[in-house]
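Enquirer: These are the residues of each chain, in order.
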Amino acid sequence: MTFLQQTINALWLGSVYSLFALGYALVFSVLGVLNLAHSAVFMWGAYLGWFAATRLSLPLPLAGLVAVLGAGILGVLLDMLAFAPLRKREAPRISQLISSMGVALVLVRLAQIAFSAQPQYFPMDAYLSQTIPLLPVKITVIQAAIFVIAILLMIVLGLAIRYTRQGRAMRAVAFDSQTAALFGVPVEIYYRSVFFISGALAGAAGMLYGLAFNNVLPFMGDSVALKGLTIIVLGGLGNIEGAVIGGFVVAALEVASIAFGGSTYRDAIIFLLLILVLLIRPQGLLGVKKTTKV
Amino acid sequence: MQALWDFLTLFGLTETIFQFMLVNIILALSIFITLYTGIFSLANIGFMAIGAYSGVICTQTIGLPLWVGLLAGMTAAGIGAYLLGLPILRLHDIYLAIATIGFGEIVRILVLNFDNIVSAVSGQAVVLTGGALGLKGIPKITQTWHLLVFIVLVVWILERSAKSRFGRALRAIRQDELIASGMGIDVVKMKTAVFILSAVLAGAAGVFSGHLTRIISPGVYSFSRVVDILAYAVFGGTVTWLGPVVGAGILTAIPEMARPLKAYNQVFNGIILLLVIVYLPNGIVDPGLLRKIAGRIKPRKE
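Sequences listed follow chains A and F, in order. Oh and the first sequence: position 141 is 147 in this note's numbering, straight run, nothing missing. Oh and the second sequence: position 240 is 1495 in this note's numbering, straight run, nothing missing.
This is chain A alone, in the form it adopts within the complex:
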């Protein structure tokens, strides 16, 4: 396999990772909490899409929409159950981490009870898994589509955060929620919508990931959960651009370690990177050093 081919592999895998990590980073940047149930929402997104595609026989694009909206609603429910009550009490953010772990446990187990531990498959037309002809590298139609969709979603989100009124308000809440509230920003509504967007991103990533490997499992979130953590730590916790770049870096590392024959250690390499970044550069690749120590 050539270098170019590996780069292509890293690009489409990285786009899914970035999309997933973006939701993590968004919640962290606006609320300052780590949502460990994010990977469970990711998995439910894949299942919702699968359910819509097989049981409701919707075409794949519509099934994707079901996955995104469903996962977004799940994100809102998550906030209502696990985060909002603690936020009101001004509990330490570790408590919110623990409550999100509780929800993650429930969501994964419920998926296992509802859909069994057997892998489920999407009904895919044959052309989707064929390689695109006349290209110097091998890439299937579905992989190319995944890359394009993921990049488009990230661009739309980036533009919305930067240029819309709502995006500006969201950044204000992230910077200082009290001051934003004084300026008339309905902070709670923004918190909730951040959870909706984060959930929707997780759902989109889950659906795309499920399509890419054509495999939906209750435990599919586990492998991305910790990679997602590495990605947002690498990008600097709460740094949105950092999360996007981190996603591609982690995917490149993974692809490279498989190419060099170390596929059994690829996860170990990623977690080692996670610990090293925390110790050496806790502000992440793009982060600016703050005076408060981590």
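I should point out that these hints are in silico values taken from the structure, not numbers from a laboratory. Check before you lean on any hint, since a few could be wrong.
[Stated by the list, open to error] From the structure, some residues in chain A lie toward chain F, with a derived Cβ separation under 8 Å: (1) LEU92; (2) TYR271; (3) ALA274; (4) LEU284.
[Said to hold, decoys possible] In silico negatives: residues of chain A with every beta carbon more than 10 Å from chain F: (5) SER101; (6) ASP131; (7) ALA186.
[As the list claims (entries may be wrong)] Residues of chain A clear of chain F, computed beta-carbon distances all greater than 10 Å: (8) THR60; (9) ALA110; (10) VAL112; (11) ALA132; (12) ILE161; (13) ASP182; (14) PHE189; (15) GLU194; (16) THR236; (17) PHE277.
Glycine included, C-beta positions come from ideal geometry on N, C-alpha and C.
Since the structure of chain A is already known, use the hints to place chain F on it.
Expert: Chain F in isolation, oriented as in the chain A frame:
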């Protein structure tokens, strides 16, 4: 003794379940010690794995008695904690949680590939950890009294140290590290000591449970198991050692004794974790809460 177990079995509490309760109590105490000091570490599962494999290799592969395996497991976990603690205890809060989650996964992957690595380095085919299948047919030599004696010993040490200079230092660190160090407490040393102690307990739990379940494999030491352990401590509360003991006991017993709940075991633990953290942040064994309830039942006379 048998008569007692026959009686308890009527309520669904067999000796095996009781033994698992005791193992989980040790694990809950292990995470309790770090939480008590304000260290949010999730590395326990990694140390449990290190302890279990070291212990079982001593007893099964080499043929030494259980107490040697126990010491070996505890020592290995303690050394691991010392080495990991040096760099990692500088981190706090969420950052420490993330790093220790990473550590647990690294241990699991290393155990999984240990034979391959050693074989590649030494040039001979070595079978020590047994890869993904793990080690099977471990002698079931953990007795209930072993666990009881161990727990009583640990609780005695905890009770003694809670009232000592050491215990006060830990509570000071939990409140505010900076002020604690200003008061002359060697924060780094104290935190390292606590981290090692916690790892040693997790290692012991690993050795005991390996000689109960008779099979250990990397899959046992996954992230979701840490969440279970955390649930025991959070449910019981981390105000005194009694919290994790009660928490682990109840959360282990309920799904086992009420069979229909068994399939929903983790759903149950997850909901408990969520409800307790939201509504009873100090857990169910909370002296303040008990005082409040007592005050409501028996109003104080003016």
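Enquirer: All hints, please: hold or fail.
Expert: Each hint, compared with the structure:
1. Satisfaction of the interface hint for LEU92/A is found here, the shortest Cβ-Cβ separation to chain F being roughly 6 Å, below the 8 Å cut-off.
2. Below 8 Å, beta-carbon pairs count as interface contacts, and TYR271/A has one with chain F at about 7 Å; its hint therefore holds.
3. For ALA274/A, the interface hint holds, the least distance from its beta-carbon to any beta-carbon of chain F being 4 Å, beneath 8 Å.
4. The beta carbon of LEU284/A comes within 5 Å of a beta carbon in chain F, closer than 8 Å, and the hint placing it at the interface holds.
5. Not every CB of chain F lies more than 10 Å from the CB of SER101/A, the least distance being 5 Å, so the non-interface label is violated.
6. No Cβ of chain F comes within 10 Å of the Cβ of ASP131/A; the nearest lies about 36 Å off, and the non-interface call holds.
7. No Cβ of chain F comes within 10 Å of the Cβ of ALA186/A; the nearest lies about 23 Å off, and the non-interface call holds.
8. Under the 10 Å C-beta cut-off, the non-interface status given to THR60/A relative to chain F holds; the minimum distance is some 25 Å.
9. Remark: the non-interface label on ALA110/A conflicts with the geometry, its nearest Cβ contact in chain F lying 7 Å away (cut-off 10 Å).
10. A cut-off of 10 Å between C-beta atoms contradicts the statement that VAL112/A is not in contact with chain F; the least separation is 4 Å.
11. Distance check on ALA132/A: its Cβ is at least 34 Å (rounded) from any Cβ of chain F, clearing the 10 Å threshold; non-interface status holds.
12. With a least CB separation of 28 Å from chain F, ILE161/A remains clear of the 10 Å interface cut-off, as annotated.
13. Listed as a non-interface residue, ASP182/A keeps its Cβ farther than 10 Å from every Cβ of chain F; the least gap is roughly 20 Å.
14. Chain F leaves PHE189/A outside its interface by the beta-carbon criterion, the shortest separation being 28 Å against a cut-off of 10 Å.
15. Every C-beta of chain F lies more than 10 Å from that of GLU194/A, the closest at about 17 Å, which supports listing it as non-interface.
16. Against the 10 Å criterion, THR236/A falls within the reach of chain F, whose nearest CB is about 8 Å from its own CB.
17. Its closest Cβ contact with chain F, about 4 Å, brings PHE277/A to no more than 10 Å, contrary to its assignment away from the interface.
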